[in-house]
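Protein chains in written order, with the working numbering: chain A, 1 to 234; chain B, 1 to 234; chain C, 1 to 234; chain D, 1 to 234; chain E, 1 to 234.
The set of hints was computed from the structure by calculation and includes no laboratory data. Bear in mind the structure is a predicted one, so any value in this text is a computation, not a measurement. Be careful, since some hints might not be right.
Since the list gives no way to pick one copy over another, a pair counts as held whenever it fits inside one copy or between any two copies.
In the EDC-like style, the derived pairs of lysine to aspartate or glutamate whose C-alpha atoms are separated by at most 16 Å in a straight line are [as the list claims (entries may be wrong)]:
hint: 1; residue 1: K213; residue 2: D23
hint: 2; residue 1: K140; residue 2: D202
hint: 3; residue 1: K140; residue 2: D215
hint: 4; residue 1: K45; residue 2: E158
hint: 5; residue 1: K213; residue 2: D192
hint: 6; residue 1: K198; residue 2: D181
hint: 7; residue 1: K198; residue 2: D168
hint: 8; residue 1: K164; residue 2: D202
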Amino acid sequence: MTEEQLPPEEVILGHFAIYRFTDRFWTLPPAQRRERAGAWLSGMKASADVAHLYLVQGLETGADVLLWSAARVPDAAAVGAFFRRRAATENAHRDVLEPGHVLWGVTRPSEYSRAAKSAQEIDPFAPGRRSYLVMYPFTKTAGWYLLGRETRQGMMNEHIRIGKQYRDITQLLLYSFGLQDQEFVVVYETDDLSLFSKLVYDLRATEARRYTKADTPLHTGVLVTADEWLGSLG
Amino acid sequence: MTEEQLPPEEVILGHFAIYRFTDRFWTLPPAQRRERAGAWLSGMKASADVAHLYLVQGLETGADVLLWSAARVPDAAAVGAFFRRRAATENAHRDVLEPGHVLWGVTRPSEYSRAAKSAQEIDPFAPGRRSYLVMYPFTKTAGWYLLGRETRQGMMNEHIRIGKQYRDITQLLLYSFGLQDQEFVVVYETDDLSLFSKLVYDLRATEARRYTKADTPLHTGVLVTADEWLGSLG
Amino acid sequence: MTEEQLPPEEVILGHFAIYRFTDRFWTLPPAQRRERAGAWLSGMKASADVAHLYLVQGLETGADVLLWSAARVPDAAAVGAFFRRRAATENAHRDVLEPGHVLWGVTRPSEYSRAAKSAQEIDPFAPGRRSYLVMYPFTKTAGWYLLGRETRQGMMNEHIRIGKQYRDITQLLLYSFGLQDQEFVVVYETDDLSLFSKLVYDLRATEARRYTKADTPLHTGVLVTADEWLGSLG
Amino acid sequence: MTEEQLPPEEVILGHFAIYRFTDRFWTLPPAQRRERAGAWLSGMKASADVAHLYLVQGLETGADVLLWSAARVPDAAAVGAFFRRRAATENAHRDVLEPGHVLWGVTRPSEYSRAAKSAQEIDPFAPGRRSYLVMYPFTKTAGWYLLGRETRQGMMNEHIRIGKQYRDITQLLLYSFGLQDQEFVVVYETDDLSLFSKLVYDLRATEARRYTKADTPLHTGVLVTADEWLGSLG
Amino acid sequence: MTEEQLPPEEVILGHFAIYRFTDRFWTLPPAQRRERAGAWLSGMKASADVAHLYLVQGLETGADVLLWSAARVPDAAAVGAFFRRRAATENAHRDVLEPGHVLWGVTRPSEYSRAAKSAQEIDPFAPGRRSYLVMYPFTKTAGWYLLGRETRQGMMNEHIRIGKQYRDITQLLLYSFGLQDQEFVVVYETDDLSLFSKLVYDLRATEARRYTKADTPLHTGVLVTADEWLGSLG
Chain A
1 MTEEQLPPEE VILGHFAIYR FTDRFWTLPP AQRRERAGAW LSGMKASADV
51 AHLYLVQGLE TGADVLLWSA ARVPDAAAVG AFFRRRAATE NAHRDVLEPG
101 HVLWGVTRPS EYSRAAKSAQ EIDPFAPGRR SYLVMYPFTK TAGWYLLGRE
151 TRQGMMNEHI RIGKQYRDIT QLLLYSFGLQ DQEFVVVYET DDLSLFSKLV
201 YDLRATEARR YTKADTPLHT GVLVTADEWL GSLG
Chain B
1 MTEEQLPPEE VILGHFAIYR FTDRFWTLPP AQRRERAGAW LSGMKASADV
51 AHLYLVQGLE TGADVLLWSA ARVPDAAAVG AFFRRRAATE NAHRDVLEPG
101 HVLWGVTRPS EYSRAAKSAQ EIDPFAPGRR SYLVMYPFTK TAGWYLLGRE
151 TRQGMMNEHI RIGKQYRDIT QLLLYSFGLQ DQEFVVVYET DDLSLFSKLV
201 YDLRATEARR YTKADTPLHT GVLVTADEWL GSLG
Chain C
1 MTEEQLPPEE VILGHFAIYR FTDRFWTLPP AQRRERAGAW LSGMKASADV
51 AHLYLVQGLE TGADVLLWSA ARVPDAAAVG AFFRRRAATE NAHRDVLEPG
101 HVLWGVTRPS EYSRAAKSAQ EIDPFAPGRR SYLVMYPFTK TAGWYLLGRE
151 TRQGMMNEHI RIGKQYRDIT QLLLYSFGLQ DQEFVVVYET DDLSLFSKLV
201 YDLRATEARR YTKADTPLHT GVLVTADEWL GSLG
Chain D
1 MTEEQLPPEE VILGHFAIYR FTDRFWTLPP AQRRERAGAW LSGMKASADV
51 AHLYLVQGLE TGADVLLWSA ARVPDAAAVG AFFRRRAATE NAHRDVLEPG
101 HVLWGVTRPS EYSRAAKSAQ EIDPFAPGRR SYLVMYPFTK TAGWYLLGRE
151 TRQGMMNEHI RIGKQYRDIT QLLLYSFGLQ DQEFVVVYET DDLSLFSKLV
201 YDLRATEARR YTKADTPLHT GVLVTADEWL GSLG
Chain E
1 MTEEQLPPEE VILGHFAIYR FTDRFWTLPP AQRRERAGAW LSGMKASADV
51 AHLYLVQGLE TGADVLLWSA ARVPDAAAVG AFFRRRAATE NAHRDVLEPG
101 HVLWGVTRPS EYSRAAKSAQ EIDPFAPGRR SYLVMYPFTK TAGWYLLGRE
151 TRQGMMNEHI RIGKQYRDIT QLLLYSFGLQ DQEFVVVYET DDLSLFSKLV
201 YDLRATEARR YTKADTPLHT GVLVTADEWL GSLG
C-alpha cells in the first residue's frame, strides 16, 4: 500500500437514485403533475451539495428519472446525516413517486493509478455536465483479490491505457465494499454514446475482463434540465 | 480493424418497447379503449422516424404489444433528442399503459462480414414488413473476446454460411455495449416462423454457440395494422 | 438429416396459458363469477381448434387454471391468425383475469424416433383426455448439439426405451427454438401421477440427463369439466 | 430395485401451502378478520384428512401462515379429487387471502433405508404434533443419479447415522419427481429449533452434501392452535 | 469439538426485519403518519427484550426502516413464544406497513475462537449503540465443510487477525442453519462506514473468501432515535 504517501483527499459520497412515478401521479391533471414533480426536485437538490437529473425513461425498463446526488463527507457522521436529510425530503412526495434502485459509494485514492488527479476524472461539483451519464455496480471475482499485486497492476495498466485513448470520456470510481452488494459504482460521462459504446467494446478484449463477476444492471441517462423534464410530464 | 476502409454508413438507432395495458384501461368502455390506444399509437409513431406495431399477447408472458421504432442518428445529440421526444409522448398515456421491457442499440459496420450491405439485412425504413419479428438481447462470454481474430472469424463464417441458406429470413444487428446490459440486440424478420425455428435449430450445432452467454428473453411478435389491433381491444 | 424421407405431417401448434383470476373477480358475487368465467372459457374454446381446461390451483404457486389450446397450421400465416384471434377473445375478459405464463411450440417429425406415429404419442384432437397433464419448457446444454449424431442417438435410445415401459403415459414434443426462450415444450398425459413420478425418477439415471440445461417451471394440471370448475368458483 | 419385496404401504399426499392475508383483510375490523380467518381454517381442515396450522410471520419474508394438509391416496383418482376439493374451499376466501408458495409430494418406500417404519418417521395423522416444523424442497445434482448404487448407499448410510443421533427430531420424505420443480419435499418436526440447527450443521460435513443441487426456500413454522392464531389477528 | 469444555452461555435470538410503509400510509395526513408509526414502534419494542431502529431508506432499494430485535432464549419454547408475540403486535399495523425481508438466527459458542467473550463482540443489550449497522446473510460453499479442521482453523485465524486490526468495529455471528436459507447472519456495528468499508476490502484478499457462497443482500442502516425518525415522516 502506498496510499499513506499520497496527499489527503476529500472524501465524496456519490448517490444514484432511480425513480418511477406512480399511478396516482399519472392520474393527476398535468399542471399538478408538474407542480408535484418540481417540488420534489427542488427539495432533493437542496438535501445534497449538488444533484443532477437524468432521463432514463425508455432507456431502461420500469423507470422514469435518475437523480445523481453528491455530498462532501468531512467526518464519519456526515454519511448518516446525508441519509437522514434526504429521507425526510423524499417522504413529502411518497404518495406520487416510488423510490427504486439506489446505488452509492464513497471516493478513495486509487490503488492502481498514482497520478495526481487526472483530467479524465469526473468532478461532481463542476458547473457543467456532459450530455450522457452511464453508471453500473461492479464486482470482481474472488480470484482477482488473490492474484499478486504486480499481476493486477499489469492488467490495470492495459485497462487504463485504453481508457486514455478516449480523452473526452470522463470517469468516477466509488467504493461500495461493505456498504451495498456491489464492490464499486463505476460512473462515466460522455457527449457521444456511440463513442462510449466503442470504448466498452474495446475493453472486452482485456485480460482484466476475465475477473469481472458482475457489471449489471447498467443505467444510461440523458441529461435534462428541470424545465425540459417538467414540460414533458403532460 | 478494417472499419476505417469501409464507406461511412448512416447510424440508426433501433428501439423496442414492450407494453402492457393496465387494469384502468381494461375497465374503460371498449370505445374509449380504442380511442386511447389509437392516440398512443399515433403519438409514438410521430415521435420516431418510423415505428412498427407487433402483437405479443399470448406469445410471451405478461405483455400486449411490441413497438419497434427506428431513428436516424446524424450526430451525437440525436440519441438524447430521440429519448426526450418519446418520453414526452408516452407520458400523455401513462394512466392506461405500463411501459415494460425496453431494448435498444445502434447500428455499426460488422467486424466479420465485409460485404456491401447484404440482401438479407433489414432496412427498418423499407415500406413493407414481413409477418413476424423475432428479437432478443445477446451477450457473448468473456472468453470469446480473448480468442484470436482469425479463430473468431472462422466461427463467424460457419454461422454466416448457415444464415445464407435461409434467404427469406432477414437480419439486423444492433450494438448495445455500454448502453444496456446486453452486448447486442439481434433482430430477425420472417414470413414463416417454422422456417425460422429450423434456422435457430441449425445454428445450435455451430462452434460459436459455445460462446453465447445469454440470448434471452426472446420476443416474438405478429405484425398487426393499427386497425386490426384497435379492433381487437374489445 | 433423414427428415426429407418421411411422409409429410400436419404441423400443429400447441399453446398453454396459465391464468390467475384477479382481485376484482373474487369480489364479484358468486353467480357473476361463474358467468364471467363461463363466458371466458366458451370464447377461448371457440378461438382454437380445440381447448382443454386443467385445474392448477394448489398444484403450483400463484395460478388458477391452465388452458391447453391446439390449432392446425396449414400455412405460414396460420400462426399469426391464431394469436390475433385468441388476443381479441381474451381481451373481452381482461378486467377479471390476468394472463400468466404462456408456453407454445409446433410439432415436427422427431429426429431420433423414425417409427410411424407411436401409440404413446398424444393426439390433441382425440375425443377423451387422461386425468392429468404435466408440461414443462425444456432446454438442452450447448454441448449436446456439438456431440456426434450417433452419440446422441444412443442416448436417446436409452431414454426412449424407458418411456416405452410406461405404456399408459403418452407424450407430445413441441419445438420452440427461436419462438420462445425454451427449446421444447414437453407434454405428458397420464391417469396415474404416482406412476408418472416413477417414470421421471427412472429417467434421472440416464446419460442424456447430463445434457439437460433447464426443465422448469413444470406445470401439473388436473383435468376438469367446465361445470365442475364453474361450480367451484364460489 | 428391491421395492417389490417390501410390504405394500399406504400412499399419503402431503401438501404445504403458504398464505398471506391481503390488504383488504387488514382493513377489516378485528372481529371480522377473526371470523373470516376462522371460516377459512375450518373449511380447509374439512377438505383434507388432517391439516395443521403453523405461524410463519416473522420467520420468513412475505408470509403469514403455513397449512400442512395430508390426504390418503387409495387410488390414482384421489390426487385429483383432493385438489378439486381444496380449490373449491379456498375460493370462498380469495377476496381476503392470497395463496402463496405451495409444495407437495407423495410418500414412497425409501430406496436406502429398508427398516420397518422407523420411530423417527413422521405420522401426519398422529394426534399430537411437535412445536416446530421445518420443510424445504430438495433436488440432487444430475451426477448423483449416475453414481453406482453402492456408492450412493454408502453416502446415505453416513447421512442416516447422523440423523439417528438426534432421536427427538422426526422426519418425512415426500417424492415430487415430475409433480413439481423439486425432486423431494423434506419435512422435519422438533420441539427444539437449536437442536435441529445443530443437526443441519452436522450434516454439512457429509459427502452426500456435495450432491445437493438445491434445498431452498426453507420454511420454518411455529405450531399454533386455531384460537391462539385467531386471537393474534387484531 | 471443544465446545463441551466452554462455560455455558446464554442463547440469544437476533431478529432483523425490514419494513416498507404502504401507499395507504403515505396518503395519511402527516400527524396521523407519525401517530401510526409511533404506535408500531412502541409495540414492537415491547414485544422483544430490546429493539433498535435504523434508517435504510436511500441506503437500499425498496425499504424504509430496519428493526433489530433481540430476545433471550432460556428454553426451547422461547423461540415460538417470541414469534407469536411479535406477530400479534405487528398485525395491529398491517394496514399501513408491509413487512419485508426478515433475517434471524441464534448465538452459539464459536468453533474457531476459543477466547473468553471478546471486546469486539456485540452485546445487543448494551445501553448505547454505534451509529451504523451492517448485516448480511452468509453461506459457505459445500467444499468448506469437507476441508480438514486444521485447514479451516488456519484460514479463520487469518480472517480473525485482520478483524482485530479494526478495534472499533464490533461483530456478532448468528447461526441460521436449518432455520432460514442462509447459514449465518453476520452483524457489524461501527461509527465510521469508510473504515468498515476498508475492513471488508482487506478481507477480500484472504483465502477463506474462496469459500464464500453468498453474502448478499447486505443491509446498511443509520441509527435513528424514535423522535428523529417520526419527525422525518412528513
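Okay, the hints, checked on the actual structure:
For the homomeric pair K213 and D23, neither the shortest alpha-carbon distance inside one copy (36 Å) nor that between copies (36 Å) is at most 16 Å. In the homo-oligomer, the alpha carbons of K140 and D202 lie at most 16 Å apart only across protomers (14 Å), although the nearest pairing inside one protomer, at 19 Å, exceeds that limit. Proximity of K140 to D215 under the C-alpha cut-off of 16 Å is found in both arrangements, the shortest distances being 9 Å within a copy and 14 Å between copies. In this assembly of identical chains, K45 and E158 lie within 16 Å of each other by CA distance neither inside one copy nor across copies; the values are 38 Å within and 45 Å between.
Proximity of K213 to D192 under the C-alpha cut-off of 16 Å is found in neither arrangement, the shortest distances being 27 Å within a copy and 28 Å between copies. Taking identical chains as interchangeable, the C-alpha atoms of K198 and D181 lie at most 16 Å apart only when they sit on different chains, with a minimum of 15 Å there against 28 Å within one chain. When the C-alpha separation of K198 and D168 is checked against a cutoff of 16 Å, the pair qualifies only within one copy, where the shortest distance is 13 Å, while the shortest distance between copies is 31 Å. Proximity of K164 and D202 under a CA criterion of 16 Å is satisfied intra-copy only: 12 Å inside one chain copy versus 29 Å between copies.
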